[in-house]
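Here the protein sequences come in this chain order: A and B. Using the numbering used here, read the first sequence as starting at 1 and increasing by one per residue. Using the numbering used here, read the second sequence as starting at 1 and increasing by one per residue.
It is possible that some hints are incorrect.
Partner residues aside, some chain A positions facing chain B, computed with beta carbon under 7 angstroms [what the hints assert, rightly or not]:
#1 Gly159
#2 Leu241
#3 Phe304
#4 Asn563
#5 Gln566
In case anyone wonders, no lab produced these hints; they're calculated from the structure. Virtual Cβ for every residue (Gly too), placed ideally from N, Cα, C.
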Amino acid sequence: MELTLPRSHLAAALLAVVAIVVSLAFVGDGIGTSVERTVTVFLISLTAIAAIGLYSGNSGILSFGHLAFMAIGAYVAALLTLPAPIKGATLPALPDWFATIELGLLPATVIAMAVTMMLATAVGLAIWRLEGSAATIATLALLIIMHGVLIGWRDVTRGAQTFFGVPRETTIWVAAGGALVALVVARLYRDSASGLRLRAGRENAIAAAAVGVNVPRERFIAFVLSAGLTALSGALIAHFLGAFSPKKFYFTDTFFLLAMLIVGGMTTVTGAISGAVVVTLVTEVLRRLENGFDLGFVAIPQIFGTTQIGIALLILIALVRRPDGLVGLKEWEERLIPARRAALTPKPLSPAKAEALSARNITKRFGGLVATNDVSLTIKPGEILGLIGPNGSGKTTLLNLLSGVLKPDSGSVTRGALDLLGLPPHQIVDAGIARTYQNIRLFPTLSVYQNVQVAALSSKGGGDADARTAGALDWLGLRAAAEAAAGTLSYGDQRRVEIARALVCQPSLIFLDEPAAGMNREETDALMAILRKLNAELGIGILLVDHDLALINALCQRIVVLNEGQKIAEGAPDVVRNDPAVIEAYLGAADHEAP
Amino acid sequence: MNRLLIVTTALGLAAGAAQADELKLGLATAQTGGLAPYDSPVVAGIRIAVDEINAAGGIGGATPIVLIERDVRSDTAQTVIAAQELVDAGAEAIVLPCDADPAIAAASIVSAAEIPAISTCASSPTLPLIGGDYVFANFPGDNVQATVSASWAFDQGMRRAFILYSPDSQYTTMPRYFADVMTALGGEVLGEATYNIGQPDFSVVATQIAAMIPAPDVVMTSAYEPDFPTFLRSLRAAGYKGQVIGSDGIDSPTTFGLGELAEGVVFTTAGHPTEGSPLEAFNALYAAKIGSASETVFNAVGYDLVKVLEAAVLAAGSTEPQALRDAIANLENVQGATSLITYKGTDGMPIRQVSIIRITGGARELIGQPAPDTALIPAPRMQ
């Protein structure tokens with residue numbers, strides 16, 4: 001599995017995780033008694049939170065349904081470890097071969113995780129195309145359905161009644177082991193290629209698809225992996241309690257765990273640990289104060305419910321003051337340790353092979369509005385084509401139609417023998433087409449380096465990703481700013497990151513949607529120089545949409561003019577400049593540099 | 001000689017003083033969360049009993065009761081932790097919540113520590129069986145309640161029964177015990193139907209019952225609100241006019257608020273304050289201490305829990321947990337506010353009087369407080 005973070009960070013992160021978990025276990029083991037049990041429950045909760053965070057944090061989709069997987073893990077593992085006499089007495093309807101099975105905790109847990117992951121595969125395939133709140137509601141449905149199944153399948157689960165007799169084998173060290181596994185896997189996943197791609201998809205799904213990320217597939221992987229780890233926590237809690245029923249895996253515990261996750265910060269493993277620690281500490285302190293205490297001059301009476309009120313206040317304060325969670329969006333080592341990436345010779349981005357892009361009779365309607373009306377155009381290999389027109393003429397729509405973001409109602413878009421309309425959005429980039437956007441679509445919380453890196457990993461099979469990333473950053477002069485979070489850069493710099501991201505995919509054709517917007521004269525000139533160089537040295541074709549006619553005239557070999565969704569002119573810049581239809585279209589439009 | 005006398009007397013007095021230790025009673029109950037409505041009234045009754053006993057100097061005038069309380073927040077894991085904490089704090093007896101999950105989970109803790117535990121109000125006869133020798137219940141068992149109501153129905157001449165039960169929880173399977181007793185007595189169960197707790201519509205089963213020929217003499221269910229009112233409404237609307245028998249689950253203001261609809265409904269419960277009864281005395285004590293009337297028999301149930309412990313300490317002559325456990329298991333005819341209580345000869349499920357109440361004119365009418373025929377009581381059923 002390829003990892004995308006510097007070695008220094010990885011080592012520090014994993015060491016810290018091991019240190020925290022092991023020292024907690026030592027302390028709990030040393031003190032013993034109820035403190036040991038509290039720490040055990042804490043470690044099991046931490047396992048669950050790390051698992052849920054692996055999916056929800058990286059994908060941005062809040063999952064209410066993961067306790068369904070905890071339930072499967074608990075029941076399957078418990079069914080396998082339950083002593084045969086109890087199984088016979090309480091579950092008489094089980095088939096004989098099953099009733100006699102009696103496994104140890106480890107094999108039972110592994111089998112439970114495998115079963116859960118198989119089920120998660122089925123569920124994941126069903127919901128993988130859902131976005132945002134639709135996906136969250138689907139997970140809610142999963143929780144409710146699982147609860148109903150557990151209650152209804154009495155022969156196997158004892159229905160709503162207590163499932164008891166489970167051997168209480170979860171010691172503090174067993175729980176620590178589970179927590180370690182979950183935290184390490186969560187951390188490694190977050191910084192794997194798949195995790196980085198998923199995070200890019202979380203930040204901006206459309207841009208991620210445009211650089212080759214198959215967002216639904218990455219979501220699916222995270223979903224199944226997190227389901228397996230949640231099942232691990234389920235097996236652990238089952239063998240700690242010894243007795244449980246379906247209501248343990250329903251709304252109350254879901255909110256409790258999600259609260260810990262959200263308070264700490266959903267997107268990082270540091271956040272998961274912090275949230276669990278803070279909520280548990282506050283709970284334990286309040287629990288002891290709840291019984292009333294004597295300050296000497298005044299006796300505070302017993303107030304039950306202090307704990308709940310305290311936790312609720314904590315959540316409110318945390319969300320008001322720090323909506324991204326106490327820890328925020330970065331792992332602790334990303335804040336404290338400067339990133340040292342292995343120095344690389346940047347790979348020269350190879351000249352692109354190219355074929356003409358041919359769009360024929362493209363039409364697109366939005367309800368009654370015909371946004372694109374029977375437009376045909378050809379982009380020859382290696383040419384710089386300008387696309388201009390008044391506001392609302394359909395330039396961006398046409399760009400979206402050509403780059404796979406929208407599908408036309410009729411017409412064709414081909415490149416040589418390849419029919420681009422048949423490709424899903426994330427495969428457009430491997431057809432040699434990359435693009436930027438009118439409203440910058442970066443991955444704001446990822447660093448500049450990671451923005452480009454994710455594109456490198458997702459295109460051209462992901463080969464030589466680091467070398468290509470370094471090369472693209474050099475091209476746009478961004479090496480110095482590489483570790484800054486992309487969202488913190490100036491507008492002009494963000495544009496350059498977007499172009500670097502498009503460039504690293506080694507396209508033969510780049511679509512640029514108003515790249516000079518918001519730039520001053522100097523920046524525009526610098527941009528022009530870069531684009532000329534790309535075209536001249538690498539042979540990359542460019543489709544340029546902009547309102548800056550000086551830029552267009554200086555750069556483009558040919559220009560296409562749109563008005564009200566239709567192509568009204570096409571040709572060399574001088575020809576188009578003097579075309580009466582073009583002049584008429586622009587007459588009355590405010591504030592354009594006159595041709 | 002004088003010196004010897006003085007020394008031995010002093011030693012004797014010291015030994016006597018050392019006998020006056022205290023009973024540490026740990027409460028691992030739900031003060032907040034979903035179980036609080038069941039545990040809180042019981043704990044209120046416990047506190048009243050403890051105050052009353054301590055005011056007289058303690059159990060037997062010498063052993064005050066010290067309460068150590070923990071809120072388990074209606075959570076099973078918390079109950080386990082709380083039980084362990086109470087054990088560590090030196091509790092000599094522990095009170096567990098009114099629900100099977102936490103009680104069974106904590107059972108392993110108390111069994112390992114060899115400390116007796118009593119559930120506030122769980123009534124499933126399987127609880128002490130699953131929990132082991134150290135777990136006791138504090139409420140008439142579901143099988144006992146069903147025996148009392150079935151015996152009464154049979155004695156009234158009702159021979160044909162229909163039961164409505166839900167497999168969703170132990171408590172709501174009580175009608176199956178009713179069916180067992182009815183059959184054993186020589187009656188006939190014409191049919192049975194199941195429901196899901198919380199289902200919004202009972203018209204199907206109501207129509208089924210109303211259409212039966214011959215009609216059942218009695219329909220029995222242990223459904224509680226909101227299912228019971230919904231069911232009753234459907235049943236009467238469908239045209240069934242026969243006897244409806246419920247259980248202690250409907251002993252609540254909601255049922256009495258149903259007005260005409262609930263007229264004639266009979267249910268079993270833990271006690272009824274007849275004139276001059278201990279329950280009447282308890283209600284007066286409660287009103288005096290709290291300032292408002294007791295709204296539920298579960299206050300008295302909590303009071304009785306402490307009375308049981310008091311009797312056990314007196315019988316054992318000490319507060320040592322093992323001795324306490326054995327004493328509880330051998331208690332016979334302890335006078336509680338709700339009834340006489342006997343543990344001797346049982347597996348942890350006490351024999352307590354069950355009161356049969358009929359709703360007449362919107363008020364309680366006591367029909368009887370019979371002692372059930374132990375031979376008739378069905379064995380606890382796991383499923």
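Going through the hints against the structure:
Because the smallest distance between the Cβ of A:Gly159 and any Cβ of chain B comes to about 6 angstroms, under 7 angstroms, the interface hint for this residue holds. For the restraint placing A:Leu241 at the interface with chain B, the shortest Cβ-Cβ distance is roughly 5 angstroms, inside the 7 angstroms limit, so the hint holds. For A:Phe304, the suggested interface contact is upheld, since its CB lies about 4 angstroms from the closest CB of chain B, less than 7 angstroms. A least Cβ separation of about 60 angstroms between A:Asn563 and chain B goes past the 7 angstroms threshold, and the interface hint is therefore violated.
For A:Gln566, the suggested interface contact is broken, since its CB lies about 59 angstroms from the closest CB of chain B, more than 7 angstroms.
Going through the hint list in order, the structure does not satisfy hints 4, 5.
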